[in-house]
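Asks: Fit chain U to the supplied structure of chain R, relying on the hints for placement.
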Amino acid sequence: MKDIRKSNVLKSKDRILFFIQLLPPALFVIILGALPLVLIMIWSFWEPTAYWIKPNLTIAAYDKFFTLERYITFLKTLRVSFTVTFLALIIGYPIAYFIRKIVNEKYRNVLLFTFIIPFFLSYIVRVFSLRLILGRYGVINNVLMWIGLISEPLEGLLFSEIAVHIGLLSSYLPFMIFPIVLSIERVGESTIEASQDLGATFFHTLTRVIIPLTKPGIFAGCIFVFVSSLGSTVEWDLLGGVGEFSTPQMLESLMTALKFPSAFAISTMILAITMGALLLGFKYARIAELFETLE
Amino acid sequence: MGRATILRRACLWTFTMLALLFIFLPSTYLLLISLEPSELEVIPRGFSDFSLKWYIRLFHQERLSGAIRESVMVGLLTAGITSFLSLLSGMSYRKLRKKSYFLGLLIFPIFVPGIIGALSLAVFFRLIHIRSSMYTVVLGHVLYALPYAVIVTLVSFSGLKEGFIEAARDLGASGLRAFKDIIFPLTRGGIVGAALFGFLLSLNEFIRAYFLSGYQETLSIYMFGQMKGGANPSIYALAGFILSVSIFLVLIALIYYSFIRYPSRTLS
Numbered sequence: 001m002k003d004i005r006k007s008n009v010l011k012s013k014d015r016i017l018f019f020i021q022l023l024p025p026a027l028f029v030i031i032l033g034a035l036p037l038v039l040i041m042i043w044s045f046w047e048p049t050a051y052w053i054k055p056n057l058t059i060a061a062y063d064k065f066f067t068l069e070r071y072i073t074f075l076k077t078l079r080v081s082f083t084v085t086f087l088a089l090i091i092g093y094p095i096a097y098f099i100r101k102i103v104n105e106k107y108r109n110v111l112l113f114t115f116i117i118p119f120f121l122s123y124i125v126r127v128f129s130l131r132l133i134l135g136r137y138g139v140i141n142n143v144l145m146w147i148g149l150i151s152e153p154l155e156g157l158l159f160s161e162i163a164v165h166i167g168l169l170s171s172y173l174p175f176m177i178f179p180i181v182l183s184i185e186r187v188g189e190s191t192i193e194a195s196q197d198l199g200a201t202f203f204h205t206l207t208r209v210i211i212p213l214t215k216p217g218i219f220a221g222c223i224f225v226f227v228s229s230l231g232s233t234v235e236w237d238l239l240g241g242v243g244e245f246s247t248p249q250m251l252e253s254l255m256t257a258l259k260f261p262s263a264f265a266i267s268t269m270i271l272a273i274t275m276g277a278l279l280l281g282f283k284y285a286r287i288a289e290l291f292e293t294l295e
Numbered sequence: 001m002g003r004a005t006i007l008r009r010a011c012l013w014t015f016t017m018l019a020l021l022f023i024f025l026p027s028t029y030l031l032l033i034s035l036e037p038s039e040l041e042v043i044p045r046g047f048s049d050f051s052l053k054w055y056i057r058l059f060h061q062e063r064l065s066g067a068i069r070e071s072v073m074v075g076l077l078t079a080g081i082t083s084f085l086s087l088l089s090g091m092s093y094r095k096l097r098k099k100s101y102f103l104g105l106l107i108f109p110i111f112v113p114g115i116i117g118a119l120s121l122a123v124f125f126r127l128i129h130i131r132s133s134m135y136t137v138v139l140g141h142v143l144y145a146l147p148y149a150v151i152v153t154l155v156s157f158s159g160l161k162e163g164f165i166e167a168a169r170d171l172g173a174s175g176l177r178a179f180k181d182i183i184f185p186l187t188r189g190g191i192v193g194a195a196l197f198g199f200l201l202s203l204n205e206f207i208r209a210y211f212l213s214g215y216q217e218t219l220s221i222y223m224f225g226q227m228k229g230g231a232n233p234s235i236y237a238l239a240g241f242i243l244s245v246s247i248f249l250v251l252i253a254l255i256y257y258s259f260i261r262y263p264s265r266t267l268s
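Those sequence lines, one after another, are chains R and U. Going by my numbering, 158 is the number at position 158 of the first sequence; the sequence numbering is gapless. Going by my numbering, 11 is the number at position 11 of the second sequence; the sequence numbering is gapless.
By construction, these hints were calculated from the structure, which means they are not laboratory data. Glycine residues also receive a C-beta, built at the ideal position from the N, C-alpha and C atoms.
The calculated lysine-lysine pairs, modelled on BS3-like cross-linking and capped at a C-alpha distance of 27 Å, are:
1. Lys95/U <-> Lys13/R
2. Lys228/U <-> Lys76/R
3. Lys161/U <-> Lys95/U
Quick look at which bits of chain U chain R covers, simulated, 3 or more residues with Cβ under 8 Å:
4. 9-22
5. 114-124
Just the calculated beta-carbon pair ranges, DEER-fashion:
6. Lys13/R <-> Ser100/U: 25 to 33 Å
7. Ser100/U <-> Tyr51/R: 36 to 44 Å
8. Gly199/R <-> Leu96/U: 44 to 52 Å
9. Leu75/R <-> Glu162/U: 51 to 59 Å
10. Glu69/R <-> Leu7/U: 48 to 56 Å
11. Met145/R <-> Phe59/U: 34 to 42 Å
Same shape as in the complex, but just chain R:
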């Protein structure tokens, strides 16, 4: 059987066919996905001209990042992304556990599917619709007034940092749940039973067995939510107040103002953080395991 396959691959006609199939998707991602990222990393060290850039090694763009206090906005965006990631993890983990370990198979697929649906709906509409919930005359204020907890509508729910947090969380929560479901799937029932037979309580089984074994999913979900929050403009634009300004919005305005090296420098820093997180994930949390089912 093995020999047949080997001889098949060696046939030159099949080999050509193999490369015809392999190259289009690979080249597409390399040329349009990876190359532009490498270019903007290099260009962040170039010098700005009136409308474009010219080759010259300078760290002016990075210098401006600190002297013009762009780093303050950057740090704020990082903080918000961290908080959202943390909230998504503590909300998403129990849900993932519930879906994979407690619900029976029939409902499991329904639930999984329900959590996928938002992915196919317009994120602009979903974020915008939160205004109806958080606004002065929105659902939350109406409900709270109806119960009698407050007599005046709460200001500051909408057009604030709280609203941005809520928007990001509702956009990216499903992306935390899926990798964790995948990794819980890989923890065998027998492993859990063994721990229980040895006298571990539910809490011990969870913290000593299940959570350590699902590290790949936790890491993948966290990186995903973090990176997505870091690069989201819509939540800030539609839910943030007038005073709220974030790194993605800054990138947008720098690009409009044709300040290319500055925009590239900030992008490079975000990419560096992303790559760092991914490397850590692959090295220490074995993220690659999640994709093994595809092999």
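Replies: The following block gives chain U in isolation, referenced to the frame of chain R:
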């Protein structure tokens, strides 16, 4: 089952349902408000009060129909190219030795923040003198949808046993024949899924379209501009319209997948 276990389960049920409420309540509420005929931001009182008034007014807007046409074209092209590239990935993936490198390459765009993917592609096109147009948006959208489409396709290819193809070839089938009679029927679900991902993700994508489009705006760009301008009933109708289109397509897909026969399951 002990009492603690039952309690735990009840808590998890409630928790999950609350999360679903959190995710779905806003859009549902928006859909209901869009059916209220007055200019008030309220849910219609009774069934007789539901009205499509704002939806009908929507279609008198010239700018909107241009945006819809653009979005549909971009979506269809994205669906076609994404599905074709995913099929090629699936075909070559099964013959690869170092699978994880190829998979890593195809999936890495997922981890690039949207705005950075968008702006880097925009300046790249500028460098090679490609003017912004519908086609630059399509390329950006294929890049965005491809990782998800590839995952869906590879899942369907994992049901394809190498032995099936070898058997067909041993019986004298040409490569094309083996593809037509064995590979395609067994992986059709994934290939259609890839196209669906391409269309739906493209239709609802904003930031890449914003950076890459030419003079003609897409539906998302048009809608975003309207939303930033402030709330009015026609925006609710517009948002409701784009939500309904996506929900309709998701339902079609659901029906398709629940009726599709999986020959691979019966064979293996």
